[in-house]
Every structure is written in C-alpha cells, then in structure tokens.
Amino acid sequence: MMPMVPLSEVLVWSLAGVLFGSLISWIPGFHIFNIMALLVAVFGVGELMPVQAFPFFAIGAIVAYAYVSAISSVYFSVADESAVFLLFPTQRYLLLGRGHEAVLLYLIGAVAGTLVLVLGALFIFPKVLPPIYQATSPYITYFLTAIVVFMFMSEWPKEGDRGKTPLQRLWLAWRQILGGILVFFLSGLLGFAVMNTNLLPSTSAYTRLTPMFIGFFGMSWVLLNILSNPPMLPQKIDDKVESSIYNTLKASFGGALGGTIAAVYPIITGGMGALIAGHITSQRGDDAFIISQGVNRVIYYVGAFTLLFLPNLRLTRGAAAWLVSSVYTPKSYAEYLAAIGVILLSAGISFLFTYYLSKLIARSFTVVHIRKLSYVVAVVLIAISYVLTGPMGVLVLFVSTAIGMMAAAFNTRRSYCLGGLVLPVLISMTGHTGEVMRLLGLG
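In the UniProt record's numbering, the protein residues as written are 1 to 443.
Hints are computed from structural coordinates only; laboratory data are not their basis.
Mixed in with the good hints, there may be bad ones.
[Said to hold, decoys possible] Straight-line Cα separation of at most 20 Å, PhoX-like style, residue types lysine-lysine; simulated pairs: (1) Lys-240 x Lys-359; (2) Lys-359 x Lys-236; (3) Lys-127 x Lys-331.
[Said to hold, decoys possible] If you anchor each label on the Cβ, the simulated ranges turn out as follows: (4) Phe-185 x Asn-411: 12 to 20 Å; (5) Gly-285 x Trp-174: 25 to 33 Å; (6) Asn-411 x Ile-140: 27 to 35 Å; (7) Ala-146 x Val-376: 58 to 66 Å; (8) Pro-391 x Tyr-356: 38 to 46 Å; (9) Gly-441 x Gly-285: 43 to 51 Å; (10) Lys-236 x Arg-284: 18 to 26 Å; (11) Glu-242 x Ala-146: 30 to 38 Å; (12) Gly-441 x Asn-411: 30 to 38 Å; (13) Val-376 x Pro-311: 39 to 47 Å; (14) Ala-409 x Pro-266: 25 to 33 Å; (15) Thr-366 x Ile-132: 48 to 56 Å; (16) Ala-173 x Gly-285: 23 to 31 Å.
Where a beta carbon is used, it is the ideal one built from N, C-alpha and C, also for glycine.
Generate coordinates for the entire structure from the input sequences, incorporating the hints supplied.
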C-alpha cells in the first residue's frame with residue numbers, strides 16, 4: 001500500500017487544485033470534470049504530481065468549482081428580458097442589477113453546505129451511511145424511475161399567455177411536458193449509442209461521455225449567451241441581501257437533503273435531488289432557492305467525491321471520483337481526515353475568490369463582454385471534445401448541442417438532457433440492453 005504523502009505536499013497540491021479550479025470555474029460552459037479529464041489525458045498524473053497527491057488536488061479543484069461556478073451561473077447565463085418570469089432566480093437578479101446579491105446568497109448557502117458536510121463527515125457519515133446505503137441500494141432502480149416520473153409530473157406551463165381556442169390552450173398546457181419527454185428520450189438514445197457502441201474510441205474510456213454532456217449543458221448555454229441581447233440595469237455592488245434567518249435555515253435543510261441524496265446514490269444528480277428536496281420542504285422565494293442551490297452543489301460535488309475517502313464505504317460517485325480512482329484510491333483514515341481539512345481550507349479561499357471576483361465583474365459588467373467570451377469558450381469546448389474523443393466526439397458534441405437547444409426552444413428543463421445518462425443506465429439495470437440494441441439495429 002502506498003504511504004500517504006506528507007502533509008506539506010497535501011497542502012501544496014490542495015492549494016494548486018484550488019487555484020486551478022478557481023481560474024477555470026468562473027468561465028461559462030467549462031465544467032471542472034471535463035477540464036480535469038483533459039489535464040489527465042494530455043499531461044498524465046505521475047509526472048505532474050505524486051499519484052497519492054492527485055485526490056487532494058482534485059478535492060481542492062472541486063471545492064473551488066462548487067463555489068466559483070456561482071459567477072458563471074449568475075453573470076454569464078443571460079436571457080431576454082421578456083422571459084423574466086420564466087428564468088432562474090439568478091437570472092432575474094441579474095436583469096434587475098442585483099447579480100452581486102445573488103452571488104452573496106449563493107455563498108451563504110455554500111458556506112452552510114460546507115459546514116454541514118464537514119460536521120457530517122466527522123461525526124455522521126462513517127457510522128450512519130454504510131448501513132443506510134446497504135439497506136437502500138437494492139432499490140435504486142425504483143428510486144431513479146420514480147424521480148424521472150416526478151420530474152415530468154412536476155412540469156407546469158410557464159407562459160403567461162392563454163390560447164384563443166381550446167386547441168391552442170391544450171397545446172400551451174402540454175407543450176413543455178411533451179418537449180421535456182422528447183428531449184429526455186432523444187438524449188437517452190444518444191447516450192445509449194455512445195455507451196454501448198464503438199461510436200467513440202475505446203481509448204477514451206473515462207471521457208467518452210464528455211462531448212455529449214458538453215453539448216447538453218456547456219455548448220447550448222454558450223450559444224444562448226451569443227444569441228441573447230437583453231437590456232441590463234447597472235449592477236449594484238452593495239454587500240447586502242434580502243432574506244431572513246428562517247428562509248436561510250429552511251433553504252439549507254432542503255439543499256442539504258437534496259445534495260445528500262444526489263451524492264450518495266448513483267446517477268441521481270444534484271438537480272434531481274434539489275427538485276425532490278424542494279418539493280418535500282416546500283421551498284418558496286428566490287432567495288431561498290439560491291441559498292439552497294449553494295448548499296446543494298457543495299454537498300453534491302464535494303460530498304460525493306469525499307465518499308471516495310471514506311474507509312468503511314468508499315463509494316465512487318461522479319466523474320471526478322472515477323477519474324481519480326483510476327489513478328489512485330485513498331486507503332487510510334488519515335487521508336480521510338486530511339481531505340476534510342482540505343475542504344475547509346479550500347472553501348475559505350474559494351469564498352474570498354468568488355466574493356472579490358463578483359465585485360470586479362459587477363463593476364465592469366456588459367453583455368458585449370459575455371458574447372465575446374462565449375465565442376472563445378465555444379471554440380475551446382470543441383477543441384476539448386476533439387482532444388479527448390477525436391472527430392466523432394465533435395459530431396456527438398454537435399448532436400447533443402442541438403438536443404440541449406431543443407430544451408430551450410420548448411422552454412422546458414434542461415435537466416431532461418440527463419436522459420443521456422439516466423435512460424441507458426435504467427435499461428442496463430433492468431437487463432434489457434440487448435433487446436434495445438437489437439430494436440435500434442445496433443447489435
């Protein structure tokens with residue numbers, strides 16, 4: 001068994017991870033998992049750093065992403081002002097000149113999520129998680145199916161207009177649900193083909209899904225930024241938020257519940273967990289939503305990766321955990337405790353970086369800058385897909401981008417694109433992969 005690296009090296013590589021994650025995570029369309037995969041594919045790990053240090057580098061980068069990605073979610077996710085009632089709360093805050101306030105609300109949630117995660121990791125997870133997971137894991141197929149059905153059931157018409165005829169009203173009522181179902185199954189078919197055929201090279205084992213998810217969420221986001229041209233109020237940079245202690249506590253509980261569900265159980269993402277927890281706790285208000293997202297994302301991203309360190313469970317959850325475990329898997333309780341310390345240190349640095357970057361961007365914010373940045377990001381995303389998966393990866397990127405844009409066209413949840421992962425896994429879990437491949441003419 002490889003010994004743990006000295007604490008001095010843990011500190012150095014953790015800080016390197018925080019710096020790396022902070023510099024990447026504020027850019028729209030960039031996901032830390034994709035950039036880490038690119039880093040490993042191009043440079044490897046053993047030559048850049050000791051393999052035992054890679055998990056600590058990764059956890060620093062993931063903590064930074066969980067915090068700093070608030071910048072891209074708030075400032076670089078623009079839309080037309082006519083859709084103000086259809087937008088995420090962060091987008092509404094931005095249109096009203098309150099982008100910095102939205103970032104502060106998110107940071108409140110992120111800090112709460114960090115505290116919940118650290119306390120849970122020290123006193124609850126080692127004893128409570130193993131028996132709960134062992135008792136419930138046989139039923140994950142049913143959980144996942146129920147969540148997908150609930151996603152469709154909870155969809156509701158967001159347009160304010162009513163059709164003039166009964167047929168128009170019927171179409172307006174069902175358009176988003178039908179659009180969501182279409183997006184879910186189209187993304188599922190694409191994901192099934194990518195996972196179960198030789199469409200992409202076998203050498204890209206851990207990155208073969210990367211171009212698909214870049215298209216679903218990254219490239220489609222960037223294209224919407226390029227196409228949007230909203231008028232924007234001047235951004236305020238005052239350090240004040242409109243919320244209450246009750247809303248903060250309630251939102252923190254909901255976010256922690258959703259993040260924990262998503263972190264522990266496979267395939268269930270942070271968005272799915274947040275949807276379920278939000279309905280369970282009856283979330284109300286834009287401030288509560290943003291705070292809960294801060295809690296949710298920290299526990300989902302960082303908590304899921306931390307499970308790789310837990311000696312008596314050691315679950316591999318998320319692309320980063322799979323990537324790191326292919327290089328080195330932490331084995332000792334000392335590494336687990338060191339990881340908790342790295343989370344606290346990284347969270348403090350990431351908080352300060354996000355806070356001051358938000359102030360800087362709010363002072364100089366213009367839509368023109370977003371559009372120029374989005375053009376550059378679009379080129380980089382295509383390059384990442386090509387480097388990781390070759391020309392066919394770029395083709396998958398374009399197809400998945402079209403599906404992601406369909407979600408925007410139908411004004412439905414972009415999370416339905418997760419069908420690209422959920423549907424193939426459900427088919428595999430139920431033992432019908434062979435039948436579906438024959439039905440589609442793939443096998």
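Checked hints:
A distance of roughly 12 Å separates the Cα atoms of Lys-240 and Lys-359; the hinted pair therefore holds under the 20 Å criterion. Taken as a hint, the Lys-359 and Lys-236 pair is honoured in the structure, with Cα atoms around 9 Å apart against an allowance of 20 Å. Restraint check: the Cα-Cα separation between Lys-127 and Lys-331 comes to about 17 Å, which is no more than 20 Å; the hinted pair holds. Between Phe-185 and Asn-411 the CB atoms are about 18 Å apart, so this pair conforms to the stated range of 12 to 20 Å.
Separated by about 28 Å at the C-beta atoms, Gly-285 and Trp-174 satisfy the suggested range of 25 to 33 Å. Between Asn-411 and Ile-140 the Cβ separation comes to about 31 Å, which falls inside the hinted range of 27 to 35 Å. In this structure, Ala-146 and Val-376 break the distance hint of 58 to 66 Å, their C-beta atoms being roughly 41 Å apart. Separated by about 41 Å at the C-beta atoms, Pro-391 and Tyr-356 satisfy the suggested range of 38 to 46 Å.
For Gly-441 and Gly-285, the hinted distance range of 43 to 51 Å is satisfied, since their beta carbons lie about 50 Å from each other. Take Lys-236 and Arg-284: their Cβ atoms lie about 24 Å apart, and the range 18 to 26 Å holds. For Glu-242 paired with Ala-146, a C-beta distance near 36 Å keeps the hint of 30 to 38 Å intact. About 33 Å separates the C-beta atoms of Gly-441 and Asn-411, a value consistent with the hinted range of 30 to 38 Å.
Between Val-376 and Pro-311 the beta carbon distance is about 43 Å. The supplied range of 39 to 47 Å therefore holds. Take Ala-409 and Pro-266: their Cβ atoms lie about 31 Å apart, and the range 25 to 33 Å holds. At about 49 Å, the CB distance of Thr-366 to Ile-132 agrees with the hint of 48 to 56 Å. In this structure the supplied range 23 to 31 Å holds for Ala-173 paired with Gly-285, their Cβ-Cβ distance being about 26 Å.
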